[in-house]
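Trainee: Keeping their order, the protein sequence lines are chains Z and P. Residue numbering for the first sequence follows UniProt numbering, beginning at 1 and increasing consecutively. Residue numbering for the second sequence follows UniProt numbering, beginning at 1 and increasing consecutively.
Be careful, since some hints might not be right.
Remember, identical chains collapse to one label, so a pair may be satisfied in a single copy or spanning two.
Distance condition first, Cα-Cα at most 25 Å in a straight line; then the derived DSS-like pairs of lysine-lysine [to be verified]:
#1 K4 / K78
#2 K185 / K78
#3 K216 / K129
#4 K129 / K185
#5 K127 / K48
#6 K216 / K185
#7 K37 / K4
#8 K185 / K48
#9 K2 / K164
#10 K32 / K48
#11 K185 / K164
#12 K78 / K37
#13 K127 / K2
#14 K48 / K2
#15 K32 / K2
#16 K190 / K37
#17 K164 / K32
#18 K37 / K90
#19 K32 / K78
Because the hints were derived from the structure by calculation, they are not lab data. Bear in mind the structure is a predicted one, so any value in this text is a computation, not a measurement.
There are 2 protein chains.
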Amino acid sequence: MKIKRSDRLVDMTHYLLTHPHTLVSLTHFSKKYDSAKSSISEDLTIIKRAFEDNGFGIVETLPGAAGGVRYIPAVDEKAANHFIEDICRKMDSKERILPGGYVYLSDLLGDPQVLNHVGRMIASQYKEKNVTAVMTVATKGVPIAQAVATYLNVPFVIVRRDSKVTEGSTVSINYVSGSSDRVEKMELSKRSLPSGSRVLIVDDFMKGGGTVNGMKSIIEEFDSEIAGVTVFAEAAYTAKETEDYTSLIRVNEVDMRNRTMSVGPGSYFD
Amino acid sequence: MKIKRSDRLVDMTHYLLTHPHTLVSLTHFSKKYDSAKSSISEDLTIIKRAFEDNGFGIVETLPGAAGGVRYIPAVDEKAANHFIEDICRKMDSKERILPGGYVYLSDLLGDPQVLNHVGRMIASQYKEKNVTAVMTVATKGVPIAQAVATYLNVPFVIVRRDSKVTEGSTVSINYVSGSSDRVEKMELSKRSLPSGSRVLIVDDFMKGGGTVNGMKSIIEEFDSEIAGVTVFAEAAYTAKETEDYTSLIRVNEVDMRNRTMSVGPGSYFD
Numbered sequence: 001m002k003i004k005r006s007d008r009l010v011d012m013t014h015y016l017l018t019h020p021h022t023l024v025s026l027t028h029f030s031k032k033y034d035s036a037k038s039s040i041s042e043d044l045t046i047i048k049r050a051f052e053d054n055g056f057g058i059v060e061t062l063p064g065a066a067g068g069v070r071y072i073p074a075v076d077e078k079a080a081n082h083f084i085e086d087i088c089r090k091m092d093s094k095e096r097i098l099p100g101g102y103v104y105l106s107d108l109l110g111d112p113q114v115l116n117h118v119g120r121m122i123a124s125q126y127k128e129k130n131v132t133a134v135m136t137v138a139t140k141g142v143p144i145a146q147a148v149a150t151y152l153n154v155p156f157v158i159v160r161r162d163s164k165v166t167e168g169s170t171v172s173i174n175y176v177s178g179s180s181d182r183v184e185k186m187e188l189s190k191r192s193l194p195s196g197s198r199v200l201i202v203d204d205f206m207k208g209g210g211t212v213n214g215m216k217s218i219i220e221e222f223d224s225e226i227a228g229v230t231v232f233a234e235a236a237y238t239a240k241e242t243e244d245y246t247s248l249i250r251v252n253e254v255d256m257r258n259r260t261m262s263v264g265p266g267s268y269f270d
Numbered sequence: 001m002k003i004k005r006s007d008r009l010v011d012m013t014h015y016l017l018t019h020p021h022t023l024v025s026l027t028h029f030s031k032k033y034d035s036a037k038s039s040i041s042e043d044l045t046i047i048k049r050a051f052e053d054n055g056f057g058i059v060e061t062l063p064g065a066a067g068g069v070r071y072i073p074a075v076d077e078k079a080a081n082h083f084i085e086d087i088c089r090k091m092d093s094k095e096r097i098l099p100g101g102y103v104y105l106s107d108l109l110g111d112p113q114v115l116n117h118v119g120r121m122i123a124s125q126y127k128e129k130n131v132t133a134v135m136t137v138a139t140k141g142v143p144i145a146q147a148v149a150t151y152l153n154v155p156f157v158i159v160r161r162d163s164k165v166t167e168g169s170t171v172s173i174n175y176v177s178g179s180s181d182r183v184e185k186m187e188l189s190k191r192s193l194p195s196g197s198r199v200l201i202v203d204d205f206m207k208g209g210g211t212v213n214g215m216k217s218i219i220e221e222f223d224s225e226i227a228g229v230t231v232f233a234e235a236a237y238t239a240k241e242t243e244d245y246t247s248l249i250r251v252n253e254v255d256m257r258n259r260t261m262s263v264g265p266g267s268y269f270d
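Same shape as in the complex, but just chain Z (with noise of 0.2 Å):
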């Protein structure tokens, strides 16, 4: 049965939104609702522009036999400064402040509106960078790496301080906590990352950087290689063990004493 144009709008753009970074063929959709090509073409055109226009990412269209569209989840810079603005907004608030300058922030990452944003954007970053798999440690990482996983449409795997049986046969390496130069022990189940692939580090909090070089180690163990390493906060007042990585927010300071805390955007907006 043909279907009107009105009603495709809606499907396709329901289809492209669930399957994003995903290349389909402009045969699928003109078979899916028993239209010409062309039609389809002329769809397309319309939710390029419409995509565009409200901020939700680009709709690329390859030509030829191969062809056809790919959606990319992309935030405009505006969308992106709003978000984190009222993210700081949120952040600003002595309530927050927990003892070791650390930061209560499991409201936000339990808050599934907020984790859309995140995942989009962060998603948006590594648009280019031919990720194949998120990589984050247990257990508050792993919200933020679904997010971004499910904008990138590559599986994530969870990095554990603890392996348990339901992991089966497991990688371990080694590495120096940067807060309490304490070694600690990180494993990661052996089937769930293929050798090759090109990891997304990412990660809730970020003190001295010891979480993320443990991981970082652990891809070398997986002969893969790491696309990137991206956090949602970061804490600028203490010394980095590790470079080359990129944050949503920084947390410039925390007064215990006065239980003040200074929060602004990360290096994202650099």
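Using the hints provided, position chain P relative to the given structure of chain Z.
Mentor: Using the frame of chain Z, we list chain P on its own:
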């Protein structure tokens, strides 16, 4: 500037999909597109039909001054059956069988497409239960909790067996782990769950149900109610200490000697 119907349809589809369970007034759209409410109503009729025909869920319109439109994600039975058949096929592999009758699931629970399906199915099942928060236990339950919370558009909270300094003060309870018969502890950050919440408990794999019982006790400690209990997979070969739960798949039998496993649809489909 007045926006054309085709562009409105694309943007409204995106808006509704990314704001499930949220009442949006017609005025919001009418202002955004500089279009008459009657035009917006016609757009919504098209979207409603397309969403329902394609099985994305329900688009409710509420009349009156306080009215508007609300998108309730749902899945049709055929799509749900098809997805679970596919999962059962993927599960049917001797490579997944781990010592102690555990099953390797990390690949499935690290795949955003699988998680989106699982999240939508579970959110669909509990769509009328007035869920205000999703709860799970670290680490493996987190991706499912996040996926469900995204489609219900409510926060999710993570109970931990080992609380971290980044949680602030916690409430802890003791529970009996069914599989080991040991008394264990679980904790939840005090500020993460408001009293009077209606909580949907989700987890990846249920053997005895001890962990779920632990979460039930935590919910009581927070003066909140249980809206439901649901797991991705349940082991049908172990006695349960809990009732009133649903599962998407059942692992009916694990034969360690011959390394075979029998998997079928869970109680979701009963």
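Trainee: Determine for every hint whether it applies to the structure shown.
Mentor: Do the hints match the structure? See the list:
Taking the shortest Cα distances, K4 and K78 sit within 25 Å of each other only across copies (24 Å), while inside one copy they are farther apart (35 Å). For a Cα distance limit of 25 Å, the shortest separation of K185 from K78 qualifies neither inside one copy, at 41 Å, nor across copies, at 46 Å. Proximity of K216 and K129 under a CA criterion of 25 Å is satisfied intra-copy only: 17 Å inside one chain copy versus 44 Å between copies. Neither within a single protomer nor between protomers do K129 and K185 lie at most 25 Å apart by alpha-carbon distance, with minima of 29 Å and 42 Å respectively.
In the homo-oligomer, the alpha carbons of K127 and K48 lie at most 25 Å apart inside one protomer (17 Å), although the nearest pairing across protomers, at 33 Å, exceeds that limit. With identical chains, the CA atoms of K216 and K185 are at most 25 Å apart within one copy only, with a shortest distance of 13 Å there and 32 Å across copies. In the homo-oligomer, the alpha carbons of K37 and K4 lie at most 25 Å apart both inside one protomer (14 Å) and across protomers (23 Å), since each shortest distance falls under that limit. Taking identical chains as interchangeable, the C-alpha atoms of K185 and K48 are never at most 25 Å apart, the minima being 47 Å within one chain and 52 Å between chains.
For the identical chains of this complex, K2 and K164 are neighbours neither inside a copy (52 Å) nor across copies (57 Å), given an alpha-carbon limit of 25 Å. In this assembly of identical chains, the alpha carbons of K32 and K48 lie at most 25 Å apart whether taken from the same copy (20 Å) or from different copies (19 Å). Taking the shortest alpha-carbon separations for K185 and K164, both the intra-copy value of 14 Å and the inter-copy value of 17 Å come in at or below 25 Å. Proximity of K78 to K37 under the C-alpha cut-off of 25 Å is found in neither arrangement, the shortest distances being 35 Å within a copy and 28 Å between copies.
When the C-alpha separation of K127 and K2 is checked against a cutoff of 25 Å, the pair qualifies neither within a copy, at 35 Å, nor between copies, at 32 Å. Taking the shortest alpha-carbon separations for K48 and K2, both the intra-copy value of 22 Å and the inter-copy value of 18 Å come in at or below 25 Å. Proximity of K32 and K2 under a CA criterion of 25 Å is satisfied intra-copy only: 9 Å inside one chain copy versus 31 Å between copies. When the C-alpha separation of K190 and K37 is checked against a cutoff of 25 Å, the pair qualifies neither within a copy, at 45 Å, nor between copies, at 57 Å.
Within a single copy, K164 and K32 get their C-alpha atoms no closer than 44 Å, and across copies no closer than 51 Å, so neither meets the 25 Å cut-off. Proximity of K37 and K90 under a CA criterion of 25 Å is satisfied in neither setting, with 48 Å inside one chain copy and 35 Å between copies. In this homomeric assembly, K32 and K78 come within 25 Å of each other (Cα to Cα) only across copies, at 17 Å, whereas the closest approach inside a single copy is 36 Å.
Hint compliance for this structure: hints 2, 4, 8, 9, 12, 13, 16, 17 and 18 are broken, all remaining hints hold.
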